[in-house]
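Visitor: The listed protein sequences correspond, in order, to chains A and B. Just so it is clear: in the first sequence, position 5 is 149 by the numbering used here, and no numbers are missing. Just so it is clear: in the second sequence, position 131 is 243 by the numbering used here, and no numbers are missing.
Please keep in mind that the hints were generated in silico from the structure rather than gathered at the bench. A portion of the hints provided could be inaccurate.
[To be verified] Over 12 Å on every C-beta distance to chain A, these chain B residues come out as not near it, computed from the model:
(1) Arg-126
(2) Arg-134
(3) Ala-153
(4) Leu-190
(5) Thr-205
(6) Leu-243
(7) Gly-276
(8) Met-303
(9) Gly-321
(10) Leu-340
[As the list claims (entries may be wrong)] Here are some chain B residues pointing at chain A (derived, C-beta under 10 Å):
(11) Arg-158
(12) Leu-236
(13) Ala-239
(14) Thr-242
(15) Gly-246
(16) Ala-247
(17) Val-252
(18) Leu-258
No residue lacks a Cβ here, since even glycine has one placed at the ideal position from N, Cα and C.
Below are the chains, spelled out letter by letter.
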Amino acid sequence: MLQVAASKRYEGFTLQAQFDAPTPGVTALFGRSGSGKTTLINIISGLLPADAARVQLDDQVLTDTQAGIHEPPERRHIGYVFQEPRLFPHLTVSGNLNYGARRARQRPRVVAADEVIALLALAPLLQRRPHQLSGGERQRVSLGRALLAQPRLLLLDEPFASLDAARREELLPYLVALRDRVSIPMVYVSHQFDEVLRLATHVVLLEAGRVLAHGPINEMSLRAELQSIVGPEHVGAVVDGVVTRLDEADGTAELAVGTGTLQISLRAVPVGTRVRLQLLARDIILAVQPVQGLSVRNALASTVLAVDADGYGGILVRLDVGGATVLARITQAARRALHLRPGDAVWTLVKAASTRGHTYPLAPRS
Amino acid sequence: MIDSTGSAELDALRLSFEVALRSVAFSLPLAVLAAWLLTRARFPGRLLFDAFVHLPLVLPPVAVGYLLLVLFGTRGVLGGWLRDNLGIVLPFTTAGAALATAVVTFPLMVRAIRLSLENVDRGLEQAAHTLGAGALDRFVTVTLPLMLPGILAGAVTAFAAGLGEFGAVITFAANIPGVTRTLPLALYTAMQSPHGDALALRLALLSLGLALAGLLASELLVRRVRVLLGR
Chain A
145 MLQVAASKRY EGFTLQAQFD APTPGVTALF GRSGSGKTTL INIISGLLPA
195 DAARVQLDDQ VLTDTQAGIH EPPERRHIGY VFQEPRLFPH LTVSGNLNYG
245 ARRARQRPRV VAADEVIALL ALAPLLQRRP HQLSGGERQR VSLGRALLAQ
295 PRLLLLDEPF ASLDAARREE LLPYLVALRD RVSIPMVYVS HQFDEVLRLA
345 THVVLLEAGR VLAHGPINEM SLRAELQSIV GPEHVGAVVD GVVTRLDEAD
395 GTAELAVGTG TLQISLRAVP VGTRVRLQLL ARDIILAVQP VQGLSVRNAL
445 ASTVLAVDAD GYGGILVRLD VGGATVLARI TQAARRALHL RPGDAVWTLV
495 KAASTRGHTY PLAPRS
Chain B
113 MIDSTGSAEL DALRLSFEVA LRSVAFSLPL AVLAAWLLTR ARFPGRLLFD
163 AFVHLPLVLP PVAVGYLLLV LFGTRGVLGG WLRDNLGIVL PFTTAGAALA
213 TAVVTFPLMV RAIRLSLENV DRGLEQAAHT LGAGALDRFV TVTLPLMLPG
263 ILAGAVTAFA AGLGEFGAVI TFAANIPGVT RTLPLALYTA MQSPHGDALA
313 LRLALLSLGL ALAGLLASEL LVRRVRVLLG R
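So that you can see chain A by itself, here it is in the shape it has in the complex (with noise of 0.2 Å):
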């Protein structure tokens, strides 16, 4: 386990925070720029002194200011990425991926540069400049530079942020391939929720410097701070089902999610795959009665745990699907005409085609 407390203070910005984070498992920092993710991973490296703050991986406290201990960057063996590549220009591809590797010679060996090449795509490039790369092929070359320095926890800070979007879902696979054949624990900086749903599987809520929520993505995608984060539009229940039955034709697949059955767009997954998906709350209709003659693929008995108001002029209704949470966010008018309240038995309505499964990561429900 990563064990941080740490706080920091800038001209106009305070930093307090305090989580931990599972080791081996994909921890996101999730929060608006100046939410003080960065300066929190930076203090995670040693590379930023703060005002007071421990820092413990597993067994050994690399931070704490009380104790007056501080172990320097260069000895603690965490990898770390940068938003901007940061590659040394006067060396070779080949010659960046070596600079970690020869000071880690003797570390215990996470990771075999083969293994590192062959899962990024490196070889055709290792003997090229930097600036004779694309932006993407050089975060995968910072990327396995960082990797075979053989880490014992691996920072990311926004990887994608200097990419397009293009550039991003280009890479996003090979984080993912990253993430479930090595077994480095990795801290992953993030704003933008769906490449935190695709990796990790912790959250940690990040405002102002202050850490608002930590746990599981499943909690964390029910909890109302998120929704001042991502705003209420993109708030909804993360739920984890495994596939039942596929349909390529078709190109849906049915998942078991709790109890229940789940239609969804998916393909090319091999039955048994775990599967996590968002359901966003805008997109979830309720019925109080079966209906009939609708599009809608998926119609699932469920129960209203709570009904609040968002704070955003809209109703945010709590229900359990078949063991399951799911967040429905309906209008104030809706909520009149149904006289929803908790307990009620309501019908829970998801459009497959408004679903997007992401391959679980392989980390059971901790």
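Please arrange chain B on chain A, whose structure you already have, making use of the hints.
Guide: Chain B alone, transformed into the frame defined by chain A:
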């Protein structure tokens, strides 16, 4: 050590090269250190140190030569100690000419190196830091290579300028043929002698050619290194 066989031009040329080369070799590490202190270090008196480093740029070279004589003369504070303990005598020697040249060209060198150090991306040093490189390791494997264009430019400029240093050399090391009579000193001597016009012209043209070659070499070298660094 008067060389009677070689021509005056060749003598002066060889000597100028020797003096400039020794001067650069001596001052380069110190210039890198001074540039680093001025760019990266925070210490009391930094401003004064900055002014001190740049002093030879604005001081008359003759004054520099005179002050060196006061310091390193055989009866000077440092000169006496050097002679008694290390057997080194600087005034009126080739080594002395090199020292005078080094002092005068030092600010030129520091300025070029400092500029390149200021342009080194600290982010790259941070990256090296997280990859397991300690302070010295980072400096040698990242900072220094990235400063190379500035170091080369500084060295070549100082070398070219050192070939022609006059005031400090003649004051501190005098004008001894074959020992301290470098190109500008030989030129000055030729101008003073009744039949030296032709020799003076040849020496002046030689100086011109060398200066031009030096500046061109510096520019080409820096471009080459920049390409290597991918800029």
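Visitor: Hints first: check each against the structure and report whether it holds.
Guide: Against the structure, the hints:
Here Arg-126(B) stays apart from chain A, with its beta-carbon at least about 36 Å from theirs, past the 12 Å limit. The Cβ of Arg-134(B) sits about 29 Å from the closest Cβ of chain A, beyond the 12 Å cut-off, so the non-interface label holds. Against chain A, the non-interface label of Ala-153(B) holds: every CB pair exceeds 12 Å, the least being about 18 Å. Under the 12 Å C-beta cut-off, the non-interface status given to Leu-190(B) relative to chain A holds; the minimum distance is some 39 Å.
Listed as outside the interface, Thr-205(B) is consistent with that label: its C-beta sits roughly 40 Å from the nearest C-beta of chain A, beyond the 12 Å cut-off. Non-interface status of Leu-243(B) relative to chain A is broken: a Cβ of that chain comes within 12 Å, the nearest being about 4 Å off. Distance to chain A confirms Gly-276(B) as a non-interface residue, since its nearest Cβ pair spans about 33 Å, more than 12 Å. The claim that Met-303(B) lies off the interface holds: its Cβ sits roughly 48 Å from the closest Cβ of chain A, which is beyond the 12 Å cut-off.
With a least CB separation of 33 Å from chain A, Gly-321(B) remains clear of the 12 Å interface cut-off, as annotated. With a minimum CB-CB distance of about 7 Å to chain A, Leu-340(B) fails to clear the 12 Å threshold, and the non-interface call is violated. With 10 Å as the threshold, the beta carbon of Arg-158(B) stays out of range of chain A, its nearest partner Cβ sitting at about 22 Å, so the hint is violated. Annotation: Leu-236(B) was flagged as interfacial toward chain A, and the flag holds, the nearest CB pair being 6 Å apart, inside 10 Å.
Restraint check, Ala-239(B) versus chain A: the minimum CB separation of about 4 Å is within 10 Å; hint holds. The closest approach between the C-beta of Thr-242(B) and any C-beta of chain A is roughly 4 Å, which is under the 10 Å cut-off, so the hint is satisfied. Hint status for Gly-246(B) relative to chain A: holds, with the closest Cβ pair at about 5 Å, below 10 Å. Taken as an interface hint, Ala-247(B) checks out: its beta carbon lies about 9 Å from the nearest beta carbon of chain A, inside 10 Å.
Restraint check, Val-252(B) versus chain A: the minimum CB separation of about 12 Å is more than 10 Å; hint violated. The closest approach between the C-beta of Leu-258(B) and any C-beta of chain A is roughly 6 Å, which is under the 10 Å cut-off, so the hint is satisfied.
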